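J.: Take a look at the letters that make up each chain.
2 protein chains.
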Amino acid sequence: MHIHEFQEMMRYLYIHRDSDRGLKGTYDWLVEEVEELGEALKGEDNEATQREFADVIAWLASLANIVGIDLEKAAIEKYRNVCPKCEKAPCQCEF
Amino acid sequence: MHIHEFQEMMRYLYIHRDSDRGLKGTYDWLVEEVEELGEALKGEDNEATQREFADVIAWLASLANIVGIDLEKAAIEKYRNVCPKCEKAPCQCEF
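The listed protein sequences derive, respectively, from chains A and B. Residue numbering for the first sequence is 1228 to 1322, as defined by the numbering used here. Residue numbering for the second sequence is 1228 to 1322, as defined by the numbering used here.
The shape of chain A in the complex, shown without the other chains:
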């Protein structure tokens, strides 16, 4: 599934709720989902961890819908098969 398609599915399923909740409420929910992912990563339940990854990308897509940003376009524009910092593939940045 394309990133854009996933975002459109989220729009169809949730835009009415996302709009009502608004930008700050949706961002706060994304933060909560990232925290839940962090908790799941400490355990050994791979299926639970998988569901938390799904929730994070879902809320990220919802947030992008609220502000009218195309997540796929954003991702491709920044990461064009090379590291955006060193412009090499694989990344050869020196840290």
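Bear in mind the hints are in silico, worked out from the structure with no lab data behind them. Some hints could be false.
The list treats identical chains as interchangeable, and a pair is accepted whether it falls inside one copy or across any two copies.
Claimed, not checked - Here are the simulated EDC-like cross-link-like pairs (lysine to aspartate or glutamate), alpha carbons at most 20 Å apart as the crow flies:
no.: 1; residue 1: Lys1251; residue 2: Glu1304
no.: 2; residue 1: Lys1315; residue 2: Glu1304
no.: 3; residue 1: Lys1251; residue 2: Glu1263
no.: 4; residue 1: Lys1251; residue 2: Glu1271
no.: 5; residue 1: Lys1300; residue 2: Glu1314
no.: 6; residue 1: Lys1251; residue 2: Asp1297
no.: 7; residue 1: Lys1312; residue 2: Glu1260
no.: 8; residue 1: Lys1251; residue 2: Asp1272
no.: 9; residue 1: Lys1300; residue 2: Glu1321
no.: 10; residue 1: Lys1305; residue 2: Glu1260
no.: 11; residue 1: Lys1300; residue 2: Glu1235
no.: 12; residue 1: Lys1269; residue 2: Asp1297
no.: 13; residue 1: Lys1300; residue 2: Glu1260
no.: 14; residue 1: Lys1300; residue 2: Glu1232
no.: 15; residue 1: Lys1251; residue 2: Glu1262
no.: 16; residue 1: Lys1312; residue 2: Glu1235
no.: 17; residue 1: Lys1251; residue 2: Glu1314
no.: 18; residue 1: Lys1315; residue 2: Glu1271
no.: 19; residue 1: Lys1315; residue 2: Glu1232
no.: 20; residue 1: Lys1300; residue 2: Asp1247
no.: 21; residue 1: Lys1312; residue 2: Glu1271
no.: 22; residue 1: Lys1269; residue 2: Glu1259
Because the structure is a prediction, the values reported are computed rather than measured.
The hints should help you fit chain B onto chain A, whose structure is shown.
T.: Just chain B, lined up with the frame of chain A:
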């Protein structure tokens, strides 16, 4: 671009660094990127916000690479064109 393809691009570009950094370091970096997205959302620079969305999905993909989870499979398994809670489309959950 498929979610899976984006994750594979991240693997090609960054798996050597992600593996060295490890799970906790990569998760902490994801959290930082989410915070930077939050800051960008308070401003009016749409291009900067777009770049922060790109970074969050990139670090989420890197984190999924470290733990061997397919982000696209995770997303599709949980969100199958209906809300996973109420099983309706659009979502009709009562909160």
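J.: It remains to establish, for every hint, whether it holds in the given structure.
T.: Quick rundown of the hints versus the structure:
1. Lys1251 - Glu1304: neither (26 Å within a copy, 28 Å between copies)
2. Lys1315 - Glu1304: within (15 Å within a copy, 34 Å between copies)
3. Lys1251 - Glu1263: both (18 Å within a copy, 14 Å between copies)
4. Lys1251 - Glu1271: Intra 32 Å, inter 15 Å, cutoff 20 Å: inter-copy only.
5. Lys1300 - Glu1314: Classified as within; 19 Å inside a copy, 29 Å across copies.
6. Lys1251 - Asp1297: within (19 Å within a copy, 29 Å between copies)
7. Lys1312 - Glu1260: For Lys1312 and Glu1260, the Cα distance is within 20 Å only across copies (16 Å; inside one copy 28 Å).
8. Lys1251 - Asp1272: Classified as between: cross-chain Cα gap 17 Å, same-chain 31 Å, threshold 20 Å.
9. Lys1300 - Glu1321: Classified as neither; 27 Å inside a copy, 33 Å across copies.
10. Lys1305 - Glu1260: between (24 Å within a copy, 14 Å between copies)
11. Lys1300 - Glu1235: Both ways: Lys1300 and Glu1235 sit 13 Å apart in one copy and 17 Å across, limit 20 Å.
12. Lys1269 - Asp1297: between (32 Å within a copy, 18 Å between copies)
13. Lys1300 - Glu1260: between (23 Å within a copy, 18 Å between copies)
14. Lys1300 - Glu1232: Answer is both: 12 Å inside a copy and 14 Å across each meet the 20 Å cutoff.
15. Lys1251 - Glu1262: Both: 17 Å inside a chain and 13 Å across chains, each within 20 Å.
16. Lys1312 - Glu1235: between (30 Å within a copy, 19 Å between copies)
17. Lys1251 - Glu1314: neither (34 Å within a copy, 26 Å between copies)
18. Lys1315 - Glu1271: Result: close neither inside a copy nor across copies, 35 Å intra and 31 Å inter.
19. Lys1315 - Glu1232: Between copies only: 18 Å across, 29 Å inside.
20. Lys1300 - Asp1247: Cα proximity of Lys1300 and Asp1247: none, with 25 Å in one copy and 29 Å across.
21. Lys1312 - Glu1271: neither (34 Å within a copy, 24 Å between copies)
22. Lys1269 - Glu1259: both (16 Å within a copy, 19 Å between copies)
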